[in-house]
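For the protein sequence lines, the chains are A and B, in the order given.
Reminder that position 301 of the first sequence reads as 301 in my numbering, one-by-one numbering, no gaps.
Reminder that position 103 of the second sequence reads as 103 in my numbering, one-by-one numbering, no gaps.
It is possible that part of the hints are untrue.
Said to hold, decoys possible - Chain A is faced by these chain B residues, among others (derived, beta-carbon under 10 Å):
(1) E99
(2) M100
(3) D101
(4) I115
(5) N121
(6) S122
(7) A123
(8) Q124
(9) Y125
(10) D129
(11) T131
(12) P233
(13) N239
(14) K245
(15) D327
Keep in mind that the hints were calculated from the coordinates and are not lab data.
Positions of the beta carbon are idealized from the N, C-alpha and C atoms, including for glycine.
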Amino acid sequence: MKKFNIFNIASLSAVIVMSSCGTDVTEPCTVNAPADYSFSIDGSSTVAYSGQTARLQMANELGSALSDPATTEAALNGMFNHQAGGMDFAGSGLNASSKQIRNKTANYSTASNQAHIHEHFEEWFEDYATNVAPAIAASTPAASGTAGMAGNRELSAKGFEYDQFVAKSLIGAMCLDQIVNGYLSATKIGDAVDNVTRDPNEDQNATAMEHHWDEGFGYVYGVDSDISTPEIDTDGLLGKYLNKYEDHRATVYNAFKLGRQAIVDNCSEVRDEQAQIIKETLSKVVALRAESYLREAAAADALSPDYFHALSEGYGFILSLQFTHTADGTPYFDHEAVDAMIVSLEAGNGFWDRTPAELITMADNINTVTGL
Amino acid sequence: MKIPYLFVFTILLFSCNGPNPIVDQDNYDRTVLLENITKNIITPSIESFQIALLDLNNAADSFNSIQNQINFSKLKKSWEQAYIKWQHVEMYEIGKAEEMDFAKSMNTYPTNTTIINNNINSAQYNLSDATWPSWSAQGLPALDYMLYGLDNDSNIVLGYYSGNEGSKYLSYLNALIAKMILNTNEVQNYWASNSDAFINSPGNTANSSLNLLTNDFIYYFEKGLRANKIGIPCGRWDNYQPYEKGVEAYYRKNLSKRLSLESLNACKKFFSGVHHVNNQSGESYIDYLLYKSGNNNLSENIINQMNESELALENLNDDFIQQLSSDNLPMMEAYDELQRVVVLLKTDLLINLSITVDYVDADGD
Chain A
1 MKKFNIFNIA SLSAVIVMSS CGTDVTEPCT VNAPADYSFS IDGSSTVAYS
51 GQTARLQMAN ELGSALSDPA TTEAALNGMF NHQAGGMDFA GSGLNASSKQ
101 IRNKTANYST ASNQAHIHEH FEEWFEDYAT NVAPAIAAST PAASGTAGMA
151 GNRELSAKGF EYDQFVAKSL IGAMCLDQIV NGYLSATKIG DAVDNVTRDP
201 NEDQNATAME HHWDEGFGYV YGVDSDISTP EIDTDGLLGK YLNKYEDHRA
251 TVYNAFKLGR QAIVDNCSEV RDEQAQIIKE TLSKVVALRA ESYLREAAAA
301 DALSPDYFHA LSEGYGFILS LQFTHTADGT PYFDHEAVDA MIVSLEAGNG
351 FWDRTPAELI TMADNINTVT GL
Chain B
1 MKIPYLFVFT ILLFSCNGPN PIVDQDNYDR TVLLENITKN IITPSIESFQ
51 IALLDLNNAA DSFNSIQNQI NFSKLKKSWE QAYIKWQHVE MYEIGKAEEM
101 DFAKSMNTYP TNTTIINNNI NSAQYNLSDA TWPSWSAQGL PALDYMLYGL
151 DNDSNIVLGY YSGNEGSKYL SYLNALIAKM ILNTNEVQNY WASNSDAFIN
201 SPGNTANSSL NLLTNDFIYY FEKGLRANKI GIPCGRWDNY QPYEKGVEAY
251 YRKNLSKRLS LESLNACKKF FSGVHHVNNQ SGESYIDYLL YKSGNNNLSE
301 NIINQMNESE LALENLNDDF IQQLSSDNLP MMEAYDELQR VVVLLKTDLL
351 INLSITVDYV DADGD
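Isolated chain A (complex conformation) (with noise of 0.2 Å):
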């Protein structure tokens, strides 16, 4: 805690001092952080990241029907790969909307590590409309090797609660993958990115890199009501979760603030300060989830609900830890490790063959390398 709160008070007005070749040494820049996230050009905003909300909302739909006995495989695949037009969703101007959740999952993976992610999220669609939808809508009960209902949990043959794996997946595959390796990255915020051309008639008057930084901070606030304050309170995705814990969910908010004040007062080493403490403080978040979901499936009453649920969110999380970024950049597991994990998770009839102390283990290793 302690370490947060002088990080804060530091945050709040940084001084840094930029020596960037030796002999050329150039005044120190200070940025002024706002009371909070409001930024604007002749009184008006120019802060805009209606197409992150679009996919924040299409991913709840998604999310919702993946436990709606009616669902079916093309109506599953539509909302994850939704075209402009399409007919997939219920919520206002999400149909008509050009943004799409397949495009943005992944996107900065290897061409074969995406496909490899893209192929998880479509075989999850299919078991789901073929063998778990049916089997809920005959109230099937749920044991080892059939699909149905565990309580009020809707699970696969394997044991696994579909919506869980989705929704939590795309906390790290979409939202975090968006922001560490997307636009608040060197491409979409660095020195080489224009930060002086602006237009009233595009991306609400902010300039190109003002817009980026926006963009990422859609991913995380997109649908929280009041972005005035580091509570979040409506998200289902990275937010929600960011929102669980006090010290980091400060720390996310200050830094998106002064970073984006440092690029309105052109002072880089500012701006990409703060990305960095946003990329690994995100990525903490969904560390810790990946332990604590795992933990918490050991610890549940044995094959019962809550194991089940549990161990889909921590199956969600795990997949995602492949996107987080570390001080030196590179995540907490790769893609290859994430992988081995899921294999083990997967092994036999799934879920309903883990032990507790496999779980502890996992988790164990997780925090090895994690440290947190």
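Could you slot chain B onto chain A? The hints should help.
Chain B in isolation, oriented as in the chain A frame:
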């Protein structure tokens, strides 16, 4: 959004009113309260459940001899009585009951009809297995299925027991009842031999009797009553999609409201120190709170909110399944009323008594 405010509130209360959250330094004699609850509420509640199970067993004996409609009706009636009595027992998951997962083996629902049918047909099962699949095929909910759920027509249900395969069904029915009696006897024995030690535990540490009891009570109110009976059926954690199978006594159909009200009544009596048998009042949380704060404000708030909850439950259809399919809103309202009690218990009551919560939320997110 609410959590940080509660947190701030907590700090204020600690710093202004002074009770140390770790070591309780009051001179209140907790053993008087513990004695009333143990001797006049817990023990008699378990004993009357035990008697109800013996009635059930007698009815099953008659039914084993002659499978006719009269004996079947008596059997069902005694099951119903036992289920009502159980509502006064489930919250005491302490000592032997905790060790043997008493509540889970007695009242895990929805029951798993696939496992039950497999058990009936294979006659191979282990009712002592400490896993969810085993719990979900035994206890009061499994009997609910055996007595009401094998078919919609009660004559056809009776036919399962009197038909060619009848001995298989009777055998599983008897095994379920025997296991319930065995479990309950163990719990009753535990209290018979440990009551005095349990009462004579005046401290305020995580393992002191009043700490365990208070935590169990609040956990039961939150999970056993609020979540299981109302929250899960109304889909509180599933976008309010009604989940009919999650209703207690699903196959019996019109018992669910009765059981919820009985459960709430048990909680109210526990909090107010009202004896199980004769409705006399003894030393209670109300007295302890008066000692601590010098007034009855919190006790009145808690009782009033429990009464509001009762009104909200009374407002529901006798059969929650009917309620869910006609209009889920009253169920959601009942949930909200119960949740208001949970907040009072989990924050205000615990702070006032300087007791630390020993479990995490079970909201499943």
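| Hints violated by the structure (listed by number, smallest first) | 1, 2, 5, 6, 7, 8, 9, 15
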